[in-house]
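Chains A and B, in that order, are what the protein sequence lines are.
Every position in the first sequence, counted from 1, becomes a number in my numbering once 444 is added.
Every position in the second sequence, counted from 1, becomes a number in my numbering once 9 is added.
Hint data in this document are derived by calculation from the structure and do not stem from the laboratory.
Here the structure is a predicted model, which is why all the values come from computation and not from measurement.
Check each hint, because a few of them may be wrong.
Here are some chain B residues pointing at chain A (derived, C-beta under 7 Å) [unchecked claim]:
hint : residue
1    : 55
2    : 65
3    : 81
4    : 84
5    : 91
6    : 92
7    : 97
8    : 99
9    : 103
10   : 105
11   : 107
12   : 108
13   : 116
14   : 120
C-beta: ideal position from N, C-alpha, C; glycine also.
For reference, the chains in residue letters:
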Amino acid sequence: MKTALTALLSHWRRHPVQLATLLVGLSLATALWSAVQAINSEARTSYARAAATLGQDQLSTLLRKDGSRFDQKIYVALRRAGWLVSPVLEGDKRFGEHRLRVFGIDPLTTPPQAQAVNIAASGALLEFISPPGVFYVSPETATKLAGQATPPLRAIDGIPSGVVITDIGQAQVLLGAPGQISRLLLWPEQPQRRAALSDIAPDLIERAPDETGDLARLTDSFHLNLTAFGFLAFAVGLFIVHSAVGLAFEQRRPMFRTLRALGVPARSLMGVVCLELLTFAVLAGMVGVALGYAIAAMLLPDVAATLRGLYGASVPGAIVVRPETWALGMAIAVFGTLISAAQGLFGVWRLPLLASAQPRAWAQASRQTIIWQLVAAAALLAAAAIIARYGSGLMAGFALLAALLLGAAMALPALLLAGLSAGGALSKSAIAQWFWADARQQLPGLSLALTAMLLALAANIGVGTMVSSFRQTFVGWIEQRLASELYIATRDDTEASAVRTWLASRSDAVLPIWNVDGEVEGMRTAIFGIADHATYRDKWPMLTASPNVWQVVASGDGALINEQLSRRKTLNVGDTITLPGGYKTRIAGVYSDYGNPNAQVIIGVDKLTELFPDVSRLRYAIRVSPEKAQDLAANLRSTFGIPEQNIIDQTTAKELSLQTFERTFKVTGALNVLTLAVAALAMFASLLTLAGMRLPQVAPVWAMGVTRRRLAVMELWRSFVLAILTAIAALPLGLGLAWILLAIVNVEAFGWRLPMYYFPAEWLRLAVLSILATALAAALPAWWLSRLAPSELLRVFANER
Amino acid sequence: MLLDVRQLKKSFATAEGPVHVLHGIDLNLDRGVSLALTGESGSGKSTLLYLVAGLDRPDTGEIYIDGNALMALDDTGLAALRRETVALVFQQYNLIPSLDVAANLAFHARLAGRNDPEWQRHLADRLGLAGILRRYPEQLSGGQQQRVAIGRALAARPRLILADEPTGNLDEATGDTVLALMLSLVSETGSALLMATHSQRLAGRLDRRLHLHAGRFEQ
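Based on the provided sequences and hints, a complete structural model is requested.
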């Protein structure tokens, strides 16, 4: 066994580049997969923490059917009737640049399961309940709030990022909800004899604990997207491993045969080969997981920004090393190695002792294989067409993506073969004919790497088209949404009133941006009031609307809803919705609302104040001629002492929105580039592999008078041609991918559908990039060939010397 | 004189120091003449052929083909020599696997700019290849592959054919047939033939013979 292992390992000593290729490929594949897993794991831990805030995952709650706040008298009535309940007030509050979720609690009645920190026991009770109170926050949030005008901060591990826990009295002041509560936490043990809920609080319902949490559900599709990308990168990485392992098996075939002939049983030989592969898998796995953590740490801040921007989820920007991610990374490395080596292992198992060595048999593509691949491709593409026509939902979207990508991958060798045959048929000179025929013969050895390139390029085109379409739509949309010249957030009602009066003679219009939070159709919804003004009538990005939509909304007889609410609840113009408080209104229009994670409803501002008299009236949009905007902002600041960040001009607001947008897609962009890089590496590995095996094909041509330099140039050209053909095939595939992402996956994941735009210049750039990457990958083997000593080439002919 | 070799020396560097393969070889060959190089394994036959073909360079000495000194040629010049003046036939056939028999036959001639389909048809008939022109090398027997290799060399109408154990991989009967064909066609074209072989029997069928031993000719 040891002797056999020594003999097998001697191969790697003589082929260090091959060994490096194998280890690098496996490490990269594992790294990208582990990076995605580490990010997902970090985010899911945050969601779980958020779901566990105040024990929502363990405790039942009492709340209003529509989710709106209710009077704290109901709490008092329930306590008197024997109910063991504890009040919670919840709402969003902006502190400088940071919007936080504020939870107001009563520390004396909070059940133990809801105690993120045991205030009563910590001796801090008096400090907590006495003005100005304290804020319990995560260490990360404490850093963010440093320097803000807040009560004293207490940083506690275990509190979700972006959450503030404070006394309920303090929260009622902060959130402008005096005497109001959002829900009641139910102690697990309740007295047997207590009055029925319907007798004391008929408006309230009991809701069971939510173990998963809204965020986990909402972000599932995002993480699925990320996982899909990780898997694609992993699969592309495995092409490298397959190439290196395949070559090693082929080159060692005579050695396997000799060992078998010398009496090593097939079972032992398999064992030794598996041991060798597992050693490599463990080594590369460790490097890969470590590298994965580095990539994850690099990407996590952007992922956190994306999750915050798209879903309002707060995920800390730092990565934590978790044993399960290590274990999963190692397992995937071993699994990947065994999958990549399966063909070779099967070959060793079935190795006939006396068969003559058939070098490169693994690379010989028979006509039959190509036919089978074409049949499989046709079946997969037909399945894709059926799913596209009849499927619905996120899973159908992913099934469609998988069928399309796999089908295209299967069809690629046949397409390339057809392209190369056409080239051969059109060529005239002997050397050109040889060039095309030789490229055809190299195809089986390169097709895996070319498939990796096809998938990476298509993913780049697809995701790039999606992002660019999104950007184009978003830029147009933001022009419409941010039509006002200035946006101001006043600090209290007195200041708001004074500012309004001051602005009356100095601006063209002061438009309120007032909103309340509540539950509409079971979704957390922001309800805005809108003024009847040309700013909105002319520019609002409406997707569908009834005639006279603005008159209907202004008169209080209709509401606008955003696309997210429309799609998630299948609501359309003419349908009726119920606002918190039971007010029913008809939908008069649906508008696009990109980048917002939540549902939104807009009603007339008069109707808003009528329904919610306590609505906060602090924020306004100001219309003024653009050239006066800067002066007006400066005047406002100096007159009222309003902080810098509370007045934002249109340009800054747009810049901020676009910055958020760009950050949102930075992660997909980074993964895209990495996938393309791995594909280029796969190409390099394959070309290097082939270079070592090509001498028997190249040497006779050299011997007949074609210089090594010319042969090297032809090697480069061959790679160019194959890359160009692959790029041509990747274009329709990438566009199909973009369509699926825009029309199916994004609608499910984000709740909005975007128009698809075409960006030929971007495709050309990507094609050139991939061709250059291929050329770069081909450069070393070509250079090697051009510098090859004649004695090396002569070995092909030599019988003796 | 077509080929003139003077004081040719060649050694190879190894881990144990240089191995001297040829020790000052002198050789000449006229047009239309066939010469057999015999000798045991390692005597330097193949090395001499490769040097004459311009595939490798000697340490010292001169090689003239048609009066042109090979030592004066650069890589491009040597490639042109191999394309236009000499042709090689190898023991392992070394056909181009991606091209069919017809394309293999025509390949060297087309590189040399002497493509003559009529002549190739004649060669295919003489070599018994007419029925297998659309087959690929992997579909041929050893004897068939060697006949294609000989056809490829002759199709280019070279002035000098260099054959390295052309029948070494064939059984005796097939080897005899292939050699007879080659000699017949060589004399038909007026080319000179320099052939390395182990076999004294086959060497006896050529016009001249020289025996190499440890890098030197023996009488």
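*Please name the hints from earlier in the document that this structure breaks, with their numbers sorted from lowest to highest.*
The structure breaks only hint 3.
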